[in-house]
Amino acid sequence: MIPEPAYIAASAVITLILFVGLDLFWKLPAHAGVSGTETIEREIEADGGDRCGGWMIGNIVTSPDASAGTLVAACGYWIWGVPGGLLAAVLIFIGARICADKGYAAVSGTLLATAVFWALDTFAGFPPETFIAGIVIAILIVQGVSPKRVSRILGKLWRRCS
Amino acid sequence: MTELVLAICAVIAVYAALRAVLEKNTAKKLPFVTVMNFAVTGVIALILPHPLTLVAAAAYLIGATLEANAIASAMEKLRGEQT
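These protein sequence lines map, in sequence, to chains A and B. Following the working numbering, the numbering of the first sequence begins with 1 at its first residue and continues without gaps. Following the working numbering, the numbering of the second sequence begins with 1 at its first residue and continues without gaps.
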């Protein structure tokens, strides 16, 4: 019997890799996607952070990206299984369009997260509610501890990937 | 299990709210507010598991993101006018 915190820690790591990977794939650290991202990036850079990491954090704040998609997919999967994940994809696409974003990162994040959650639930026995705690912890790590330090790590990751 | 997940989300929401209140710079408040919004969205879904709750939780998250977008855009516009 695996203890409950171990499932939550594992889902936090999995969702973190999932949404950071997708955000890097959709080039969120490359430029400011929507209006207002520049302000957040400038403040993080003035504080000693990294420019590319600041853009990524700004993009996450100002429009629904893969992390928002993963969270709504986690809620949808817990409430209604795979159909909940698909409903989440529709809702998050509408949300991204409202925020003047094209919505590629958000919708792909929602669909991929639903598939990953289904696989982990079916084959690895993860309780569905662990994914909600996992993505909330993952976003806390990226945005809520030290945006300056995290932006440097994200910037390094982006330069290595590109 | 649900109680543990709910407790984690609630604690993170309170922590992020405190960080946002203590941070003096408005633009730097926004990442903490985003963390709080994520945690509150999780709490909404966990408290009342129903397909309509999913719509409510998504509407809350999208609305909160739009607010952050509006604040940051307004700050950008103000900066443009001042310089």
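In short, the hints are calculated from the structure, not lab data. These numbers were taken from a predicted model, which means no experiment stands behind them. A hint or two may mislead.
Each computed DSSO-like pair below joins lysine-lysine, with the alpha-carbon atoms no more than 27 Å apart [claimed, not checked]:
hint, chain 1, residue 1, chain 2, residue 2
1, B, 77, A, 102
2, B, 28, A, 156
3, A, 27, A, 102
4, A, 27, B, 24
5, A, 148, B, 28
6, B, 28, A, 27
7, A, 102, B, 24
8, A, 148, B, 77
9, A, 27, A, 148
A quick look at each hint next to the structure:
Between residue 77/B and residue 102/A, the direct Cα distance comes to roughly 22 Å. Compliance with the 27 Å bound is thereby established for this hinted pair. Note on residue 28/B and residue 156/A: the hinted pairing holds, with a Cα-Cα distance of about 21 Å set against a maximum of 27 Å. Distance restraint check for residue 27/A and residue 102/A: the Cα-Cα separation of roughly 13 Å lies within the 27 Å cut-off, and the hinted pair is therefore satisfied. Proximity of residue 27/A to residue 24/B is assessed by CA-CA distance (about 30 Å); at most 27 Å being required, the pair is judged violated.
For the suggested pair residue 148/A and residue 28/B, the alpha carbons sit about 10 Å apart, so the restraint of at most 27 Å is met. Restraint check for residue 28/B and residue 27/A: satisfied, since their Cα atoms lie roughly 22 Å apart, inside the 27 Å limit. Between residue 102/A and residue 24/B the alpha-carbon distance is near 32 Å, which puts this suggested pair outside the 27 Å criterion. Between residue 148/A and residue 77/B, the direct Cα distance comes to roughly 24 Å. Compliance with the 27 Å bound is thereby established for this hinted pair.
Proposed proximity of residue 27/A and residue 148/A is supported: the alpha carbons are some 20 Å apart, at most 27 Å.
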